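Start counting the sequence shown at 1; every next residue gets the next number (the working numbering).
In short, the hints are calculated from the structure, not lab data.
Note that the coordinates shown come from a computational prediction; the quantities given were computed from them, not determined experimentally.
Be a bit skeptical, because a hint or two may be false.
Stated by the list, open to error - Quick list of in silico lysine to aspartate or glutamate cross-link-like pairs, DMTMM-like style, CA-CA up to 20 Å:
id : residue 1 : residue 2
1  : K86       : D44
2  : K14       : D98
3  : K14       : D77
4  : K312      : D328
5  : K331      : D368
6  : K86       : E41
7  : K54       : D23
8  : K278      : D342
9  : K326      : D309
10 : K329      : D346
11 : K131      : E313
12 : K14       : E24
13 : K54       : E79
14 : K331      : E285
15 : K19       : E108
16 : K131      : D167
17 : K222      : E207
18 : K312      : E265
19 : K54       : D26
20 : K331      : D342
21 : K356      : D368
22 : K329      : E285
23 : K222      : E285
24 : K326      : E310
25 : K19       : E79
26 : K329      : D271
27 : K326      : E265
28 : K14       : E79
29 : K312      : E24
30 : K312      : D26
31 : K331      : E310
32 : K326      : E285
33 : K312      : D23
34 : K86       : E43
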Amino acid sequence: MHTKSTRRIPMSIKSVTAKTVFDELDQGQPIVILDLRAPSEFEDWRIAGPHPAKFYNIFYADFFENEEAAAAPLPKDQEITIVCAKGGASATVAEILDQLGYQVRHMEGGMLAWSQLHIVRPVPVASEEFKIWQVNRVGKGCLSYVVAAHGEGLIVDPSRMTHVYQDLAQQEGFRIRYVVDTHIHADHISGGRELAHAAGATYRLTETHAGAPLRYEPLNDKEVLSLGDVRVETLTIHTPGHTPESTSFLINDQYLISGDTVFVEGVGRPDLGGNTAKWAQDLFESIHVRLAGLRNDTWVLPAHYQSMDEIKEHRLVFTTFGHLRKTDKIKRNLSAQQFIRDIVNDNSPPPPNYEKIVDANMGRIDLDVDTANFLEIGPNRCALVH
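Kindly produce the complete structure, drawing on both the sequences and the hints.
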């Protein structure tokens, strides 16, 4: 049977937000998801949560060719959450399936909304003088951080959804004093300059490529950023390798915001700048020399993660430097030559659209919202060694 749907979406069709879907996955509720995108898009990047969902991938156009045949694999005894790229096709297919007797709801905004979802979690700190929050952009595996003490705040690696950080500052009653990026990001558009401008703060970044139009106040190696009357020290540690300007921040000698230098399951990739061997040498020295003095109980709070399996206690992505040493996630037992060889020989795919994203973050090009949305769709792929 060939049918073309020209129906209007009735008010009875339920919709659900990306946040609600994540909360259900986080709570371990059984969820059935119908993803209407092309199979290649689905295989490359899909909804994920701390607990698994049951997936069906049926291309949306199939429902306009033969509704009953397209719907046949789907269960009628469970509610189906329908997802597409931006939320339009899912609403239409939800109406078709509703007419066929299925229990359905569609996710508002589709995978675009999933890509922009941020979950804010407190990091348990052994002090009442300051607070740290991990801001998890779950659809991309991007992590940013907020450090606050005595009415002042430091924002590290903010996304372009700057309202997330402004809302937290208002709720917690602190003024944003510093906004920093650990490096020039290749997988998402930084919100650093925009947030700093909106908050009347200073945008800081370690000295980067000469001639770039990006405006910032340079961070110095071993510089201390203090918050409030009591010195909550954030020690800037230049850790080149992933990129030449990569920087880590050590908070009160206990919490390392590591950017893309080290992750829970590996190290950052130094192969996106066309000088892989040199950057790999820098990365080796950063890990084995510049960070070598960190205590084993130092928390490592990275800028990215690759799998929901990396979300552990407190629903946070973190590890300790001692664990990285013990499990050799940082390849500490390799010589510099072996380390460089392993990285040079790795063929991991790069982040989608990374060259244009880097240009935007360097201030070389301006992007409208639609273009930024398009460029950011997909996984981060910032880790090379896992």
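These are the hints, each one checked on the structure:
no. : hint          : verdict
1   : K86 <-> D44   : holds, 17 Å
2   : K14 <-> D98   : holds, 10 Å
3   : K14 <-> D77   : holds, 17 Å
4   : K312 <-> D328 : holds, 19 Å
5   : K331 <-> D368 : violated, 41 Å
6   : K86 <-> E41   : holds, 13 Å
7   : K54 <-> D23   : holds, 16 Å
8   : K278 <-> D342 : holds, 13 Å
9   : K326 <-> D309 : holds, 19 Å
10  : K329 <-> D346 : holds, 16 Å
11  : K131 <-> E313 : holds, 17 Å
12  : K14 <-> E24   : holds, 16 Å
13  : K54 <-> E79   : holds, 11 Å
14  : K331 <-> E285 : holds, 12 Å
15  : K19 <-> E108  : holds, 10 Å
16  : K131 <-> D167 : holds, 16 Å
17  : K222 <-> E207 : holds, 14 Å
18  : K312 <-> E265 : holds, 13 Å
19  : K54 <-> D26   : holds, 14 Å
20  : K331 <-> D342 : holds, 10 Å
21  : K356 <-> D368 : holds, 13 Å
22  : K329 <-> E285 : holds, 15 Å
23  : K222 <-> E285 : holds, 16 Å
24  : K326 <-> E310 : holds, 17 Å
25  : K19 <-> E79   : holds, 17 Å
26  : K329 <-> D271 : holds, 18 Å
27  : K326 <-> E265 : holds, 12 Å
28  : K14 <-> E79   : holds, 11 Å
29  : K312 <-> E24  : holds, 17 Å
30  : K312 <-> D26  : holds, 12 Å
31  : K331 <-> E310 : holds, 19 Å
32  : K326 <-> E285 : holds, 19 Å
33  : K312 <-> D23  : holds, 16 Å
34  : K86 <-> E43   : holds, 17 Å
Comparing the model with each numbered hint stated earlier shows that hint 5 is the single one that does not hold.
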